[in-house]
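**Student:** Below, each chain spelled out in residue letters.
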Amino acid sequence: MRIRLDPWPIDTQDGQLTLEPFKGLVFNVESDDWRAIPTRGIPKRVTKVLVVDGKPRMEARLLLEDDAGNMSLAGFGAFVVGAVSLCPHGSRQAELVDVKARRVLAYSGDTLLEPTRLSPRNPHTGVLEYAPHAYAGAHVEGARSAVQSLMLNAERDFSRDLASEMPLDEADENALPETLVLQDGPVRVGEAGRAVIGYVKTLHTDYLGADRIGLLAQLGCGERTPILRFTVGDSGEADYRGREQRFTWYVRLCDAPFYQHPLAGVMRLEMHAPEDTDFVPRAVIDAANLSGALLTRLGSQLHKDARAPQNLIPTAALEHAMSRAMGSQELVTRRIRTHLARELREGVLA
Amino acid sequence: MTGNLKLSAPNAAHIGRVLGTEDVTPTIFWFAVSAGASVQLDDLVVVETQRPDGKKVSFYGLVDNVRKRHEGVAFESDVEDVVAGILPASVSYAARVLVTRVDPENFIPPQPGDTVRHAQGAELSMALSADKMGEAAFPGGLLADGQPLPLNFRFVNGESGGHINISGISGVATKTSYALFLLHSIFTSGVMDQVAQASGGQLAGTAGGRAIIFNVKGEDLLFLDKPNKKVEEKEAKAQAEKGLGRERYALLNLPRQPFKDTQFLAPPRAGGRGDAIVPHTDQRSEGVTPFIFSLREFCARRMLQYVFSDSAGSLNLGYVIGNIEEKLFRLAQAQQGPGTHLLVTDWKVEESSEVPEELDFGDLGGIQIQTFDHLISYLEYKLLDENDGQGDKKWVLNQAQGTLRAFTRRLRGVQKHLTPLIRGDLTETQAEKYRPNLLRGAQLSVVDIHNLSGPAQMFVVGVLLREVFEHKERYGRQDTVFVVLDELNKYAPRDDGSPIKDVLLEIAERGRSLGIILIGAQQTASEVERRIVSNAAIRVVGRLDLAEAERPEYRFLPQSFRSRAGILQPGTMLVSQPDVPNPVLVNYPFPAWATRKDEVDDLGGRKAEDVGDDWLR
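If you read the protein sequences in the order shown, they are chains A and B.
Its first residue numbered 0, the first sequence is counted upward by one per residue in numbering that gives the first Met the number 0.
Its first residue numbered 0, the second sequence is counted upward by one per residue in numbering that gives the first Met the number 0.
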């Protein structure tokens, strides 16, 4: 028996490695020769990479009571979606793009609520305004899910707006656009046709199977697997017709330390695949070819980030900026308490 | 317009906002510098805050620290990722302000987020308390942004305070240069006239002020009346380097001219007797007057104590000196007839153990003492030889032989140095001509003592300062007299006593009420008598040794200034004055007067070829 360490800290929701078998079909589309492909470096024509991420936060659980005395659950929440814009060749300084907090009063029901405005006693310290958002259902975590869902939608829209159009031609050598978007997590429905690459930090699903997964441990830094294709949500049943198809490939960002499991430095990437085509568009192959060089450059180090190297340097900076944009949780909670105390005319609490 | 200082109109855009991540107090706060703005040490800034009742409070202050750092990164090695363009980080640029004034005096802190502006025009004068100075403001140098620093003349002339003390490493800090600049500013800015006028004419104006400078190094100060040929070039260069709109003299509203109404005094060359009295100077011969004290004057005006700079070490010796001084005083009082010699009738030369040469015997008996060494021989006779070695009882006064011998031995020790200065062979006309006349002559008197030995320097400084002091005691504080004295640690050391130190202490403690202002300078204030340094209202510091800067004498400098004192360049000084609680860094212009012979503009501003043509015609 050999014991190896999962690299991610115990307080994250899951480990980096779970490897639940994917039940559906996964096809070789780039090559049947299942072996490591070295990176080709980052072409000069790619001048802008945007690393996009989002962050939700619940700020208070609420209980609403209407005039008839009916009770319902709700919550004050906030989320931020932002990006880091950088040049993959290092010719300019990286910048934060549009990191702004949005606040939501998520509630179940059909009643129309007014925005809630929490004015501070000190005018220098800004105003909190929660926009009402109704969701269906009465689940106890409904408000949290609603905020999460709003955040994901905003992230998707933001990525789509920032990304260039992705040509799906098979042979065009200049198909790769100048701007690429790296989005935290898998690509989403609604982003098809855009140059969005989703990066999945965890290996929770095994898309490879026993015959192919051995290559992951053999990948060198910056090397990748050939590109595969699968259908989202494929349950493996014979008559299943999935929603969308995805291209995917794996990249190694750095050598795994000897005490960690051998897939520790490996990350999975995803792009949208067009329906009913049996080839891989040239631009997707180019994106896969540059991904090794790009991600080894952006990968973090263990002494600076517990989720290194997968939690990319710009992503960690972005997470930090997003937390800051939402403000201090303690102060917000205090402001909410004070606001409610004033509303209920019971005096002001600290 | 404050006094004679022209201050530009306010035109300041905002340069930052008060930080909320550092403590904000009424006396010190930080502000974040806005993008595109530039803030440097010594900039004067203003912040306006609003109280809850709507009233405004302004904070004026001085930037004493500026820093930049990467914001939003946690590790020092992140700088590599920032430069590589993969880690977004902003540069935080912040400055710390030491508050110099709060108006009105509501000592609340400014509000984080309040706007910070450069103080200009009227705000600058508020920051530096120039509005309180009124007509008493005179320029003490240029601030970093090219605006003049107002100094309060009422803290110079003794009205509210007096005396200036300058510290700094020799040669680098240019202490004497700054002292001369201040004199030039006082004499030419018109501040003396303005203050006199405002005081109802009780004080005399510019014409009333005088300065005495003791030249202790080379012949540097013997050319102060000559224009400096390098000034134009140096000032043009400084103007370009500092990006100033006008040359520095113009910014200070001071004329670029050498000192006028000057006199130069130097000791005579040794060895001369009779009429051949020439000043002991090597580089300048014309315009320098030799100074001599007559022997009769030496006795009558009790100068003997200044021959002994170390008399305070021995009580008995001090007693002997006092006694002999009194005897010589009576002797001088008893002299009749013209001349500067002393006629004594009780000197039986043949009883002296050593018979002096070239004694002059009077027509009616008695001996004419015409030289300092003859005076010493006479004293030896009176103390040690008369009465078969018992001495004259009235002169000895039961003092031990050892003490008397110590007295005469010390006199012999300085005989060589003082003989050229104290003479009894002059006519009264000559004595009058060569008597150093510091208070009725020119506005600026330079007394060259650099060629004198240590004891002779002490003697001259002591005698002349006492004379000034006594004169001012008689005539009061009209006509302010500025005394510039370098190497104060030599004349008024902290640990030893001397008659000169006593005079300097008198000047420091009582002089300001009499209108005698000491502009003292030294390398190390920690070695100067504490009471002299602590009496100076205006304190100036040039470059200091960093260990020296940590001594208690420099506590008036905030820590950041003490650290900077080690890197100050020539021409830059830190000036502290009572009106402004923090010191201010200033630079001052290159001297318009020659400070060395090779700086003298003897071509009158013309090219050498043109002057040569004139000679050939």
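Just so you know, the hints here were simulated from the structure itself, not pulled from any lab data.
C-beta atoms are modelled at their ideal positions from N, C-alpha and C, and glycine is treated no differently.
Fair warning: there could be bad hints in the mix.
Only pairs whose alpha carbons sit at most 25 Å apart, straight line, appear in this in silico SDA-like list of lysine to any residue [as the list claims (entries may be wrong)]:
#, chain 1, residue 1, chain 2, residue 2
1, A, 99, B, 73
2, A, 303, B, 586
3, B, 67, A, 322
4, A, 303, B, 281
5, A, 99, B, 281
6, B, 225, B, 281
7, A, 200, B, 72
8, A, 200, B, 320
9, A, 43, B, 68
10, A, 47, B, 281
Not the full set, but computed from the structure, chain A residues with beta-carbon under 10 Å of chain B [said to hold, decoys possible]:
#, residue
11, 94
12, 257
13, 259
**Student:** The structure should be examined with respect to each hint, and the outcome stated for every one.
**Tutor:** Now the hints, each set against the structure:
1. A:99 x B:73: This hinted pair holds, its Cα atoms lying about 22 Å apart.
2. A:303 x B:586: violated (48 Å)
3. B:67 x A:322: Holds: residue 67 (chain B) and residue 322 (chain A) sit about 23 Å apart, inside 25 Å.
4. A:303 x B:281: With Cα atoms ~73 Å apart, residue 303 (chain A) and residue 281 (chain B) exceed 25 Å; violated.
5. A:99 x B:281: Not satisfied, since the Cα-Cα distance of roughly 79 Å exceeds 25 Å.
6. B:225 x B:281: holds (17 Å)
7. A:200 x B:72: Roughly 22 Å separates the two Cα atoms, so the pair holds.
8. A:200 x B:320: With Cα atoms ~97 Å apart, residue 200 (chain A) and residue 320 (chain B) exceed 25 Å; violated.
9. A:43 x B:68: This hinted pair is violated, its Cα atoms lying about 32 Å apart.
10. A:47 x B:281: violated (76 Å)
11. 94: holds (6 Å)
12. 257: violated (24 Å)
13. 259: violated (22 Å)
Violated hints, in rising order: 2, 4, 5, 8, 9, 10, 12, 13; the structure is consistent with all others.
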